[in-house]
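Visitor: If you want the building blocks of each chain, they are given just below.
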Amino acid sequence: MPVKPPLHIAKEQEVKAAGFKPTPESEVKEKFLAKLDEMRSSMRSLMVMLETCTKCGNCAQQCHSFLGTNDYNNFPAARAELMRRVYKKYFTTSGKLFGRFAGAEDFDDELISKWMTYFYQCNECRRCAQFCPFGIDTAEVTITARHIMSELGIMPKFMAGIAANMEKTGNNMGIPRPATIDCAEFMEDEMREETGLDIKIPVDKPNSDILYIPSSADFFSNIDTMIGAAKMFHVLGVNWTISSKVLEAANFGLLFDFNAMQAQNLRLKEAALEVGASLVVQGECGHGWRAAKMYTEGSNGPVPFKIVHVLEYTAEHLAKLPLSKLPMRVTLHDPCNYARAGDIIEQPRQIIRSCVEEFVEMTPNREENFCCGGGSGILMDEMMEIRMQLGKKKAEQVKALGNLDYFAVPCSICKAQLPHVMKHYGMGSLSMGGVMDLVGKAMVFNKE
Amino acid sequence: MDYIEVNGVKIELDEDGFIVEPDQWSEELVLAFAKTEDVPVVTEEHWKVIHYLRDYFKQFGIAPMIRKLCKDTGLSLKEIYDLFPSGPAKGACKLAGLPKPTGCV
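So the sequence lines, in the order shown, correspond to chains A and B. The working numbering puts the first residue of the first sequence at 1, with every later residue one more than the last. The working numbering puts the first residue of the second sequence at 1001, with every later residue one more than the last.
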């Protein structure tokens, strides 16, 4: 039976609006193979992943996608095979000579459907790499597969919509500058009502030392994360601003197209140069942190500023913050791109311990933590049923902890995914949000 | 392609059930959408939210922050969910004829 991708695929005009070129049906195979050739010859990491697997099966029990969906093609080694088999057919001698006896497979009409189906059920969480004896990182294969398809103009409608917004406004929600200013003023009013203080959220302020790039959706649904950061900058008395050029730390390019990633990353650089910042502080966004930390220098460098994460920055200044512990029992979800791709592991723990009376670890945690199930931008409404399967391991982890007052999830994709997961698995009343939200709430102000 | 019929006119919808052409929004469309969105009766409070969303969108080109929507309409988030069971970003925006908010939402 043919595989039908469980997501809406962008139509021609949506592909064009996202700045991509659709490929006529008759040219898909040729272009596909040319792109695969280009990727395998330019990415040594991809070659290691394609050449090394011994099918030992170790990854199966470590992958929440396979465990949640029970679909063979979601077993990481099988998922990577979807690329490995065509790679072998067209680029290895054994595959060319012995075909499927050498594990090789022709490009056929179904291949793109299979790729769309299964490379968009991988959360790129890299937990398989953590447990693979060779360190094979299926996320690298997934990222490349999605990139190849996007370059052919084949992408989810969800990604195309975000790409179009990024092009137009520099952020994935598509928030224009006047709305940014209106939102910032609204948050300033909220803080004034709460604290009696004039705490600013400066927008595009020239000659700022720090450029803060808010967590995604802070200007829509996660306002307490932004408020927590603003209060902290206020208390520390630093010269900071946000930029309407990059309003969100997200960089969905990492999740579907390398060129889009580079373009978004360039906006970060330009915004920092424009306001004169020597320090860029990235908000609570998992994949955006990976894109900024790992690829800024390589894709758009050199850069005359330092990039740190807001949780790194907060942990570093913790002693200077007037925090009073909230009477709460709290656990932490480690976003995959912090714990396995971005070196943010102990900082959120230090911060939470300073903000609440009781911090409990879920098991497993840190670099062995399970993904929320929304990672890599699998937030499509039409995939809700699969998303709940992908979130099953996380729900089990949280349920095992008993009563909680707050679930700290310092990443905007996790913040969008987990409320659905918790509701689905009978924990809908659990309150959740970022780590900076706690900082904001635990901060004590003396009225000036 | 999906359509919804309002007064005998077919209005095109996208895959998420949102209208494709913003100009095709009308109060009659709201009544037609209500049936598909688990809203049995469209009350004054529904209209308050819908008109607020439309006015904000007209001025700023985007849906307002959820907390701002609550504050300016005087409704709690729970009340908004009671009015629009699929939530402010989905049901309310759909009935108001706004594009579906996208990104990490």
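It cannot be assumed that every hint is accurate.
Taking lysine to aspartate or glutamate pairs in the EDC-like style, the calculated list, with each CA pair at most 16 Å apart, reads [unchecked claim]:
#  : chain 1 : residue 1 : chain 2 : residue 2
1  : A       : 11        : B       : 1002
2  : B       : 1100      : B       : 1005
3  : B       : 1090      : A       : 71
4  : A       : 11        : B       : 1014
5  : B       : 1071      : A       : 188
6  : A       : 393       : A       : 358
7  : B       : 1068      : A       : 368
8  : A       : 11        : B       : 1016
9  : B       : 1071      : A       : 182
10 : A       : 200       : A       : 185
11 : B       : 1068      : A       : 109
12 : B       : 1071      : A       : 368
13 : A       : 4         : A       : 382
14 : A       : 4         : A       : 51
15 : B       : 1100      : A       : 382
16 : B       : 1090      : B       : 1037
17 : B       : 1071      : A       : 382
18 : B       : 1068      : A       : 382
19 : B       : 1071      : A       : 71
20 : A       : 11        : B       : 1005
21 : B       : 1035      : B       : 1072
22 : B       : 1048      : B       : 1072
23 : A       : 29        : A       : 109
24 : B       : 1068      : A       : 71
25 : A       : 293       : A       : 274
26 : B       : 1010      : B       : 1027
27 : B       : 1090      : B       : 1005
28 : B       : 1071      : A       : 312
29 : B       : 1071      : A       : 224
30 : B       : 1071      : A       : 194
It should be emphasised that the hints constitute simulated quantities derived from the structure, not laboratory data.
Visitor: Does each hint hold? Answer for all of them.
Guide: A quick look at each hint next to the structure:
Pair hint residue 11 of chain A plus residue 1002 of chain B holds up; C-alpha atoms about 14 Å apart against a cutoff of 16 Å. For the given pair, residue 1100 of chain B sits about 20 Å from residue 1005 of chain B by alpha-carbon distance, which is inconsistent with the 16 Å threshold. Taken as a hint, the residue 1090 of chain B and residue 71 of chain A pair is broken in the structure, with Cα atoms around 30 Å apart against an allowance of 16 Å. As the CA atoms of residue 11 of chain A and residue 1014 of chain B are separated by approximately 11 Å, the hinted pair is consistent with the 16 Å bound.
In summary, the hint linking residue 1071 of chain B to residue 188 of chain A is supported, as the alpha carbons are separated by about 14 Å, within the 16 Å threshold. Straight-line distance between C-alpha atoms of residue 393 of chain A and residue 358 of chain A comes to about 23 Å, which puts the hinted pair past the 16 Å bound. The suggested pairing of residue 1068 of chain B with residue 368 of chain A is violated, with an alpha-carbon distance near 38 Å, which exceeds 16 Å. With a CA separation close to 14 Å, the supplied pair residue 11 of chain A and residue 1016 of chain B stays within the 16 Å bound.
Taking the CA atoms of residue 1071 of chain B and residue 182 of chain A, the gap is about 14 Å. The hint holds against a cut of 16 Å. A threshold of 16 Å between alpha carbons decides the hint, and for residue 200 of chain A with residue 185 of chain A the separation of about 8 Å falls inside it, so the pair holds. Taken as a hint, the residue 1068 of chain B and residue 109 of chain A pair is broken in the structure, with Cα atoms around 49 Å apart against an allowance of 16 Å. Between residue 1071 of chain B and residue 368 of chain A the CA atoms are separated by roughly 41 Å; this puts the pair beyond 16 Å, and the hint is violated.
For a cut-off of 16 Å, the pair hint linking residue 4 of chain A to residue 382 of chain A stands: about 13 Å separates their Cα positions. Restraint check for residue 4 of chain A and residue 51 of chain A: not satisfied, since their Cα atoms lie roughly 29 Å apart, outside the 16 Å limit. Taking the CA atoms of residue 1100 of chain B and residue 382 of chain A, the gap is about 13 Å. The hint holds against a cut of 16 Å. Proposed proximity of residue 1090 of chain B and residue 1037 of chain B is supported: the alpha carbons are some 9 Å apart, at most 16 Å.
For the hint linking residue 1071 of chain B to residue 382 of chain A, the alpha-carbon distance of about 31 Å lies beyond 16 Å, and the restraint is violated. The straight-line distance between the Cα atoms of residue 1068 of chain B and residue 382 of chain A is roughly 28 Å, outside the 16 Å bound, and the hint therefore fails. Between residue 1071 of chain B and residue 71 of chain A the CA atoms are separated by roughly 45 Å; this puts the pair beyond 16 Å, and the hint is violated. Taking the CA atoms of residue 11 of chain A and residue 1005 of chain B, the gap is about 23 Å. The hint is violated against a cut of 16 Å.
Distance hint between residue 1035 of chain B and residue 1072 of chain B is unfulfilled; the C-alpha atoms sit about 26 Å from each other, more than 16 Å. A threshold of 16 Å between alpha carbons decides the hint, and for residue 1048 of chain B with residue 1072 of chain B the separation of about 10 Å falls inside it, so the pair holds. A distance of roughly 9 Å separates the Cα atoms of residue 29 of chain A and residue 109 of chain A; the hinted pair therefore holds under the 16 Å criterion. In summary, the hint linking residue 1068 of chain B to residue 71 of chain A is not supported, as the alpha carbons are separated by about 43 Å, beyond the 16 Å threshold.
Straight-line distance between C-alpha atoms of residue 293 of chain A and residue 274 of chain A comes to about 20 Å, which puts the hinted pair past the 16 Å bound. Distance hint between residue 1010 of chain B and residue 1027 of chain B is fulfilled; the C-alpha atoms sit about 15 Å from each other, no more than 16 Å. At roughly 20 Å between alpha-carbon atoms, residue 1090 of chain B and residue 1005 of chain B are farther apart than 16 Å, so this suggested pair is violated. As the CA atoms of residue 1071 of chain B and residue 312 of chain A are separated by approximately 33 Å, the hinted pair breaks the 16 Å bound.
Only pairs whose Cα atoms come within 16 Å are accepted, and residue 1071 of chain B paired with residue 224 of chain A is accepted, the gap being roughly 15 Å. Taken as a hint, the residue 1071 of chain B and residue 194 of chain A pair is honoured in the structure, with Cα atoms around 14 Å apart against an allowance of 16 Å.
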